[in-house]
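K.L.:
This is what each chain is made of:
2 protein chains.
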Amino acid sequence: MDDRIQRHAEILVDHCTDVAPDDNVLVRAPSSADDLVVALYEQLGQRGARPTLSWTNSRAGRAYARAMDEADFRPKDHRLAAMEETDVVILIRGATNAAETSDVDPEKGAAASQARQPILEERLDKRWVMTQHPTPADAQQAGMSTAAWEEFVYDAVNRDWDAQREFQEQMVEILDPASEVRIVSGDATDLRMSVEGMDAANDSGEKNMPGGEAFTVPVPDSVEGTVFVDVPFREGGREVHDARLEFEDGEVVECSASRNEDALETLLDTDEGARRLGELGIGMNRGIDRTTHHMLFDEKMGDTIHVALGNAVEECVPEGREFNESGRHVDLLVDVSEDSFIEVDGEVVQRNGTFVFEDGFEG
Amino acid sequence: MDDRIQRHAEILVDHCTDVAPDDNVLVRAPSSADDLVVALYEQLGQRGARPTLSWTNSRAGRAYARAMDEADFRPKDHRLAAMEETDVVILIRGATNAAETSDVDPEKGAAASQARQPILEERLDKRWVMTQHPTPADAQQAGMSTAAWEEFVYDAVNRDWDAQREFQEQMVEILDPASEVRIVSGDATDLRMSVEGMDAANDSGEKNMPGGEAFTVPVPDSVEGTVFVDVPFREGGREVHDARLEFEDGEVVECSASRNEDALETLLDTDEGARRLGELGIGMNRGIDRTTHHMLFDEKMGDTIHVALGNAVEECVPEGREFNESGRHVDLLVDVSEDSFIEVDGEVVQRNGTFVFEDGFEG
Chain A
1 MDDRIQRHAE ILVDHCTDVA PDDNVLVRAP SSADDLVVAL YEQLGQRGAR PTLSWTNSRA
61 GRAYARAMDE ADFRPKDHRL AAMEETDVVI LIRGATNAAE TSDVDPEKGA AASQARQPIL
121 EERLDKRWVM TQHPTPADAQ QAGMSTAAWE EFVYDAVNRD WDAQREFQEQ MVEILDPASE
181 VRIVSGDATD LRMSVEGMDA ANDSGEKNMP GGEAFTVPVP DSVEGTVFVD VPFREGGREV
241 HDARLEFEDG EVVECSASRN EDALETLLDT DEGARRLGEL GIGMNRGIDR TTHHMLFDEK
301 MGDTIHVALG NAVEECVPEG REFNESGRHV DLLVDVSEDS FIEVDGEVVQ RNGTFVFEDG
361 FEG
Chain B
1 MDDRIQRHAE ILVDHCTDVA PDDNVLVRAP SSADDLVVAL YEQLGQRGAR PTLSWTNSRA
61 GRAYARAMDE ADFRPKDHRL AAMEETDVVI LIRGATNAAE TSDVDPEKGA AASQARQPIL
121 EERLDKRWVM TQHPTPADAQ QAGMSTAAWE EFVYDAVNRD WDAQREFQEQ MVEILDPASE
181 VRIVSGDATD LRMSVEGMDA ANDSGEKNMP GGEAFTVPVP DSVEGTVFVD VPFREGGREV
241 HDARLEFEDG EVVECSASRN EDALETLLDT DEGARRLGEL GIGMNRGIDR TTHHMLFDEK
301 MGDTIHVALG NAVEECVPEG REFNESGRHV DLLVDVSEDS FIEVDGEVVQ RNGTFVFEDG
361 FEG
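So the sequence lines, in the order shown, correspond to chains A and B.
Anchor point for the first sequence: position 133 equals 133 in the working numbering, and the numbering is continuous, going up by one each time.
Anchor point for the second sequence: position 13 equals 13 in the working numbering, and the numbering is continuous, going up by one each time.
No wet-lab data here; the hints were simulated from the structure.
This structure is a prediction, so every number in the text was calculated from the model and none was measured.
Please note: incorrect hints may appear among the correct ones.
[Said to hold, decoys possible] Computed spacing ranges between beta-carbons, pair by pair: (1) B:D3 - A:D262: 31 to 37 Å; (2) B:E319 - A:D22: 51 to 57 Å; (3) A:D18 - B:E107: 26 to 32 Å; (4) B:R74 - A:G363: 56 to 62 Å; (5) B:H15 - A:G225: 46 to 52 Å; (6) A:S102 - B:N352: 58 to 64 Å.
[Unchecked claim] Here are a few chain A residues that sit away from chain B, every Cβ distance over 10 Å (derived from the structure): (7) H15; (8) L53; (9) R59; (10) H78; (11) A81; (12) E84; (13) E85; (14) D105; (15) R244; (16) S258.
The beta carbon of each residue, even a glycine, is placed where N, CA and C say it ideally should be.
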C-alpha cells in the first residue's frame, strides 16, 4: 500500500480523533476510498477500537431520492441510534462521479438533508473528522491528472500540524476579542458582521483534514451587505456559478447566480437557518496553492475567506448565546488575493492576501 | 441496468421482506454488489422505506483482525443500537476475493464472531434475508465463467416461489410430526437424531434467497453417529475439505479433515454451542443442478441434506423447548444423490436423491 495513504490514516485516528481502546468508531466512506478504509481499519485494530463501516453510495442515493415522494423523507431511527452510541466519526469523501446526483430534484435533496438533521446534530457532539481520498473523478473536477491530484491532496494532508497551529493562532488572537469584521473584495463583495462575544477557533486539522483556517461565528441578525462567491460551489450535484447574496439583518434578502440559480434558491429554502450565516472562516493553509473546486481544500487556502450558510459551528458559541441552526452548512468562498482587505474593528488585518503578521504586509 | 438485477431487487423487498413505508431497512453489502444495491435503493424509495447502507469490506476486516489483539474483540455498541431500531435486514454477499481472510488467525476470526453474537441474536428477531450478487471471484470459486455464474444465480433466484413452496410443503408435512430421523450416505455418513416436538419449516425464499429447503432443529443431546461432509465449506477464508465429525450425546467428540483441520477445530471451539447441531435441512430446489462451493446455493440443491453446527433456527423451536445457542451457524453438506437414504420414523422418505412423493421413487 502507498505510504501516503497509511500516513493519512495515522493522522486521522491520531491527530484528528485521538482514537482510544474500545471507542465505537463510525467510518463513512464511498467504495472509491477502499484503500484508505483498509489503512484506517489497520490503525483502528492496533488501537483496539470497535469500528463499523457505513457506505456512502451516490448512485444508490440518487436512485432512492428519485423514487421517493418528497413528503416521505424522515429521520432514520437506526442511523440515529447508531450515532448516539458512537464515540468517533470519520467521514471520507471521494467521488466516482461528482455529478451523480445532478438529476435529483433539488427539493428532494433538501428534504433528505432536513431528515438528516437530528443525526447531524448528534454527530457534532462527537469527536469527528471529515477528509477526502483522492479519486480520478475528483481529479477531473479539479482539472488535474490523477497523479497530480494525489500529490496535491497528500501535500495538504500529510504535514506538520503543530507548526500550522502556531501560524494560525496569530489570526485567532485577532478574531477572538473582535467585534466588527468587514470583508471587501473588488466591487462585488462588501460584507459586514459582528462577531462580538463569539469564540474564535483554530482549525489545525482536527475536524477537517486538511485543516487550515481561523474561524468564528457571526452574531445572528448582524450580517449586512453583499457577498459575491468567486469559486463555484456544488449543491445537490450541480455547480452554482457566480452566486451573489445580499444580506439585511442577517438574512439573505436577494440572490442570483449565473448557473443553477434554482439550486441556490432551494438551498436557501431548506429551513429558516439556511438563509443566515453560521460561520466566518479565514483560509490560512499556505500548502494549498490553488483552488480545485473542492471546498474542503479551497476554504483552507491562504488567499480566501468563506462564510457558511446554515448551521453555526457550536464550538465558537459561548453558553447561553444565540446562534443560527439549520440542517445545512454550505461554505461560500471569496477570493481575497487581489484588490481586497479584511478589517477588524476598523483596522486592516489582511490586504491582498497578506496577513498583518506576514512579511510584505502593507497596512 | 440488467433486468435480472432489478427482478432480484424486487423479490428481496417484496417476497422476502415485505418492506412497508417507514420501515427502517439495513442493507449490508460489499462494494462488488453495487448494481444490486442501486436497484434495491430504487425499490426502497418507491416503498417510502428508510434505508441505511453498511459496507462489508473483507480487505478492511482482514487488516483490522490482524492488527487486533485477540482479547480485544468486543461487541460494537453502535452496531447493536442500530440493529435494535431496524425492521428489515437485507444481507448481500459477493466476493472480490473469497480467500481475503485466509491469513487471519482462525482464533481471531472466532473471537470476532463471538463479539458479533448479540447483534446476530437481535437480527434474527427482524425480517431479514441473505442473498448473493454474482461476482467474478465467486464465479471463479464455482469454476464457472462470470456469465455462466450470473445465469446460474438468476435461475436460482428469479423464480416462481409459490410453486416452490407447494412442492416443499410435502416434505414439511413429513418432518413436522416426525420423531427420529436417520441419514445414511455410502459408508461414511450415518447420522441419527430426534426432532420430536420441533416445528418443521418451509424455506421458499424468505430468509435465504435463493430458498429451497425443508428444515427443522435437532433435539439437543439427541444427535448420534457420523457425518462426512461431501462439499468443502469455507471457514475464516479457508476451505475445509473432507471433514468428518463424530457425535455422541449431541456433541462432536471427534473430528478430522484432509485440509484446514485447524480451521474446523477453531470453529468447534468458538463457544459451547459450536460443537452441537442447530439445524437439519433437506435441499429441494430442483433449479439448482450442481454444487458450486457456495453454501447459500449448495444447501438448497435437491440431492443434498445439510446439518448446521451452532445456533438453532429459532422459528422451529416451540416456546419453552431447549435449543442450541451459539455465535456461529455453519452448514455442512452431505451428498445424498447416490447410495443413500433418509429415514423418518423407520420409513424411507428419500432414496438416492428421489423423494417419496416424486416419480421414480423406490422405497
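K.L.:
Hint by hint, say whether it matches the structure.
P.N.:
So, going through the hints one by one against the coordinates:
1. B:D3 - A:D262: 31 to 37 Å: holds, 34 Å
2. B:E319 - A:D22: 51 to 57 Å: Because 37 Å falls outside the window, the suggested range is violated.
3. A:D18 - B:E107: 26 to 32 Å: holds, 30 Å
4. B:R74 - A:G363: 56 to 62 Å: holds, 58 Å
5. B:H15 - A:G225: 46 to 52 Å: For H15 of chain B and G225 of chain A the Cβ distance comes to about 60 Å; the hint is violated.
6. A:S102 - B:N352: 58 to 64 Å: Given about 60 Å between the Cβ atoms, the range holds.
7. H15: holds, 19 Å
8. L53: Given that some Cβ of chain B is not farther than 10 Å from that of L53 of chain A, nearest at about 5 Å, it is violated.
9. R59: At about 5 Å from chain B, R59 of chain A fails to clear the 10 Å cut-off, so the statement is violated.
10. H78: violated, 4 Å
11. A81: violated, 4 Å
12. E84: With a cut-off of 10 Å, E84 of chain A comes too close to chain B, as the shortest Cβ separation is near 7 Å.
13. E85: E85 of chain A is in fact no farther than 10 Å from some Cβ atom of chain B, at 4 Å.
14. D105: It holds; D105 of chain A is separated from chain B by about 12 Å at its closest Cβ, greater than 10 Å.
15. R244: For R244 of chain A, whose nearest Cβ neighbour in chain B is about 35 Å away, the distance exceeds 10 Å, so it holds.
16. S258: holds, 32 Å
Hints 2, 5, 8, 9, 10, 11, 12, 13, counting from the list given before, are not met by this structure.
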